[in-house]
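Here the sequence shown stands for residues 1 to 217, where the numbers follow my numbering.
A couple of the hints might just be wrong.
To be verified - Below, simulated EDC-like cross-link-like pairs (lysine to aspartate or glutamate); rule was C-alpha separation at most 16 Å, straight line: (1) K104 <-> E130; (2) K145 <-> E172; (3) K104 <-> D119; (4) K87 <-> E120; (5) K104 <-> D84; (6) K97 <-> E70; (7) K97 <-> D84; (8) K145 <-> D155; (9) K145 <-> E157; (10) K104 <-> D133.
To be verified - Computed Cβ-Cβ distance ranges for the label pairs, DEER-style: (11) R117 <-> G62: 34 to 44 Å; (12) L149 <-> I63: 15 to 25 Å; (13) G21 <-> T171: 32 to 42 Å; (14) V15 <-> Q183: 31 to 41 Å; (15) R124 <-> L40: 36 to 46 Å; (16) Q183 <-> P12: 57 to 67 Å.
Calculated directly from the structure, the hints in this document are not laboratory data. All C-beta atoms, glycine included, are put in the ideal place defined by N, C-alpha and C.
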Amino acid sequence: MGGADTLLRQEPWFVSLAVLGALYTAAVVLRLLSHLALLLRRPRDLRRRYGAWAVVTGPTSGIGQSMALELARLGLNLVLVGRDPAKLQDISETISKTRSVQTKTVVFDLALVATPRGDEAVRRLREAVEGLDVGVLVNNAGVAKPCALYLHEVDVEAWVRMMRVNLCALTEVTAAVLPGMVQRGRGAVVNIGSGSSEAIPSFPLYTIYAASKRYCT
Numbered sequence: 001m002g003g004a005d006t007l008l009r010q011e012p013w014f015v016s017l018a019v020l021g022a023l024y025t026a027a028v029v030l031r032l033l034s035h036l037a038l039l040l041r042r043p044r045d046l047r048r049r050y051g052a053w054a055v056v057t058g059p060t061s062g063i064g065q066s067m068a069l070e071l072a073r074l075g076l077n078l079v080l081v082g083r084d085p086a087k088l089q090d091i092s093e094t095i096s097k098t099r100s101v102q103t104k105t106v107v108f109d110l111a112l113v114a115t116p117r118g119d120e121a122v123r124r125l126r127e128a129v130e131g132l133d134v135g136v137l138v139n140n141a142g143v144a145k146p147c148a149l150y151l152h153e154v155d156v157e158a159w160v161r162m163m164r165v166n167l168c169a170l171t172e173v174t175a176a177v178l179p180g181m182v183q184r185g186r187g188a189v190v191n192i193g194s195g196s197s198e199a200i201p202s203f204p205l206y207t208i209y210a211a212s213k214r215y216c217t
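Build out the structure end to end from the sequences listed, making use of the hints.
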């Protein structure tokens with residue numbers, strides 16, 4: 001009670017700031033607890049709950065590779081979508097050697113979306129997933145470069161490429177896979193976002209990237 005009485009005896013502006021600070025802190029704590037609760041949940045049988053196949057974009061390195069390996073460990077067959085045929089073959093062989101799952105690869109440079117070559121790649125992706133029980137889609141592929149530069153310091157095509165991959169390609173890939181999920185009445189779409197669009201209110205010199213990742217989430 002003493003602490004509350006002391007607070008109430010302060011100037012109104014001070015009390016208002018203290019209340020706002022307490023509310024903000026509570027909101028942050030609740031958000032952290034919600035994330036912690038997700039981490040502590042028991043793993044689900046993804047194959048049984050969603051379907052036998054997963055589609056992963058950008059599976060040859062980083063987060064995408066880790067996601068592909070983990071989904072294979074959980075028993076899901078994989079459709080691997082990337083631009084480098086050799087790297088796709090490498091990750092496909094790695095998975096096949098260590099897990100008893102099937103893999104398919106689709107060569108697709110996502111930066112070519114909305115071009116004739118990109119349209120052809122979308123057609124190949126649709127053909128690859130046709131008839132498959134695709135239950136999980138991981139939209140991982142993304143472009144973060146150019147980094148920390150003013151708009152006029154970079155060729156416009158670099159910004160266009162970023163938007164094609166981070167926005168347009170994500171939409172095209174989802175549109176290719178989602179109808180089957182809707183038809184079967186189950187499925188999960190995982191879009192890999194970024195702290196640049198979630199954890200901080202603004203990200204100077206990265207505004208296009210942050211905005212494109214906000215679209216993902």
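Status of the hints after comparison with the structure:
1. K104 <-> E130: Within the cut-off at roughly 12 Å; holds.
2. K145 <-> E172: Between K145 and E172 the Cα gap is close to 21 Å, so the pair fails against 16 Å, i.e. violated.
3. K104 <-> D119: violated (19 Å)
4. K87 <-> E120: Violated, because 20 Å separates the two Cα atoms, which is more than 16 Å.
5. K104 <-> D84: Holds, because 14 Å separates the two Cα atoms, which is no more than 16 Å.
6. K97 <-> E70: Holds, at about 14 Å.
7. K97 <-> D84: violated (20 Å)
8. K145 <-> D155: holds (12 Å)
9. K145 <-> E157: Within the cut-off at roughly 12 Å; holds.
10. K104 <-> D133: OK: K104 and D133 at ~13 Å, within 16 Å.
11. R117 <-> G62: 34 to 44 Å: violated (25 Å)
12. L149 <-> I63: 15 to 25 Å: holds (24 Å)
13. G21 <-> T171: 32 to 42 Å: Holds - the Cβ-Cβ distance for G21 and T171, about 40 Å, lies within 32 to 42 Å.
14. V15 <-> Q183: 31 to 41 Å: violated (57 Å)
15. R124 <-> L40: 36 to 46 Å: For R124 and L40 the Cβ distance comes to about 40 Å; the hint holds.
16. Q183 <-> P12: 57 to 67 Å: holds (59 Å)
The structure is inconsistent with the numbered hints 2, 3, 4, 7, 11, 14, although it conforms to all the rest.
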